[in-house]
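Asker: Please arrange chain B on chain A, whose structure you already have, making use of the hints.
These protein sequences, in sequence, are chains A and B.
Letter 116 of the first sequence, counting from 1, is numbered 116 in our numbering, and no numbers are missing.
Letter 11 of the second sequence, counting from 1, is numbered 1011 in our numbering, and no numbers are missing.
Some hints could be false.
[Claimed, not checked] Below, simulated DSBU-like cross-link-like pairs (lysine-lysine); rule was C-alpha separation at most 35 Å, straight line:
1) Lys-1016/B with Lys-1076/B
2) Lys-1019/B with Lys-1076/B
3) Lys-1076/B with Lys-37/A
4) Lys-42/A with Lys-1016/B
5) Lys-59/A with Lys-1016/B
6) Lys-1019/B with Lys-42/A
7) Lys-42/A with Lys-59/A
8) Lys-37/A with Lys-1019/B
9) Lys-37/A with Lys-1016/B
10) Lys-59/A with Lys-1076/B
11) Lys-37/A with Lys-59/A
FYI, nobody ran anything at the bench for these hints, they're computed from the structure.
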Amino acid sequence: MSIEISRNFVDAILEQSRAEYPDEACGVILGPVGSGKALRIKAMINAAHSPTFYEFDPKDLLALYREIDDLDEEIVVIYHSHTDTEAHPSRTDIAYAGEPGAHYVLVSTRTDIAPQTEFRSYRIIDGVATEESVVITD
Amino acid sequence: MSIEVRIPTILRPFTKDQKVVSTTGSTLSEAIANLGVQYPGIAERLLENGALRRFINVYVNDEDVRFSGALESALKPGDSITILPAVAGG
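Same shape as in the complex, but just chain A (with noise of 0.2 Å):
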């Protein structure tokens, strides 16, 4: 099990997981559904604007949806940053993963580390949580 992201994204996340701290950040990748691509990515707002939480608002959640669903995409990646944990499902990740057929890549921005070596990837199915290697494209 692998995902490859292209190194503009990892970028992309890394940037605002850093813009965003304290708070978690978080977003979606996109890519036309069956092709298990991530070809186009999109920042979302976190509406708990917690450092321990995430959420999408759910309007925008709706909105994204209605989104890809007139474009013929899919969520390919979910990602979120920890912001002084390391970058590995929690014990809520793994309880409100909904979306059995995504990537859930998970970033770390703690200072202690570097942050280029805490971005990894995971399937979480059915509660359980297994790490899966990262390509990065250029």
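Answerer: For chain B alone, coordinates are given in the frame of chain A:
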């Protein structure tokens, strides 16, 4: 005329992979109860202690039901319900 219900991926195992199903009911509560009869198990995934689960978003005609009466939201034939799991975590 019935009420259209859009089912998210995670609940499609209950609806034999159907993305859109139809049901009846004059309130959201009735519609979910009827949906539960048609597709056993699905109502439990939407409700907890008699209320909508916190991390399930339900919209009637694109209106978040939390602001329109929650389970008591009125429905009329031709209305559309959309169910989306919250994208949230810690």
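Asker: Next pair to validate is Lys-37/A with Lys-1019/B; report whether the Cα-Cα distance is within 35 Å.
Answerer: Given that 35 Å is the threshold and the Cα spacing comes to 22 Å, the pair holds.
Asker: Starting from Lys-42/A, check that the Cα of Lys-59/A is at most 35 Å away, please.
Answerer: With Cα atoms ~15 Å apart, Lys-42/A and Lys-59/A stay inside 35 Å; holds.
Asker: Regarding the pair Lys-1076/B and Lys-37/A, is the alpha-carbon distance no greater than 35 Å?
Answerer: violated, 40 Å
Asker: Given the hint that Lys-59/A pairs with Lys-1016/B, test it: the Cα-Cα distance must not exceed 35 Å.
Answerer: With a Cα-Cα distance of about 28 Å, the restraint between Lys-59/A and Lys-1016/B holds, given a limit of 35 Å.
Asker: Are Lys-37/A and Lys-59/A close enough, with their CA atoms no more than 35 Å apart?
Answerer: Since the Cα atoms of Lys-37/A and Lys-59/A sit roughly 26 Å apart, the hinted pair holds (cutoff 35 Å).
Asker: Take the C-alpha atoms of Lys-59/A and Lys-1076/B, compute the straight-line distance between them, and say whether it is at most 35 Å.
Answerer: Holds, at roughly 22 Å.
Asker: Taking only the CA atoms, is the gap from Lys-42/A to Lys-1016/B under or equal to 35 Å?
Answerer: holds, 31 Å
Asker: Given the hinted pair Lys-37/A and Lys-1016/B, is their Cα-Cα distance within 35 Å?
Answerer: holds, 26 Å
Asker: Holds or violated: Lys-1019/B and Lys-42/A, Cα atoms, limit 35 Å.
Answerer: holds, 24 Å
Asker: Please verify whether Lys-1019/B and Lys-1076/B have alpha carbons no more than 35 Å apart.
Answerer: holds, 21 Å
Asker: Is the straight-line distance between the alpha-carbon of Lys-1016/B and that of Lys-1076/B 35 Å or less?
Answerer: holds, 26 Å
In summary, the structure is inconsistent with hint 3 from the numbered list given earlier, while agreeing with all the others.
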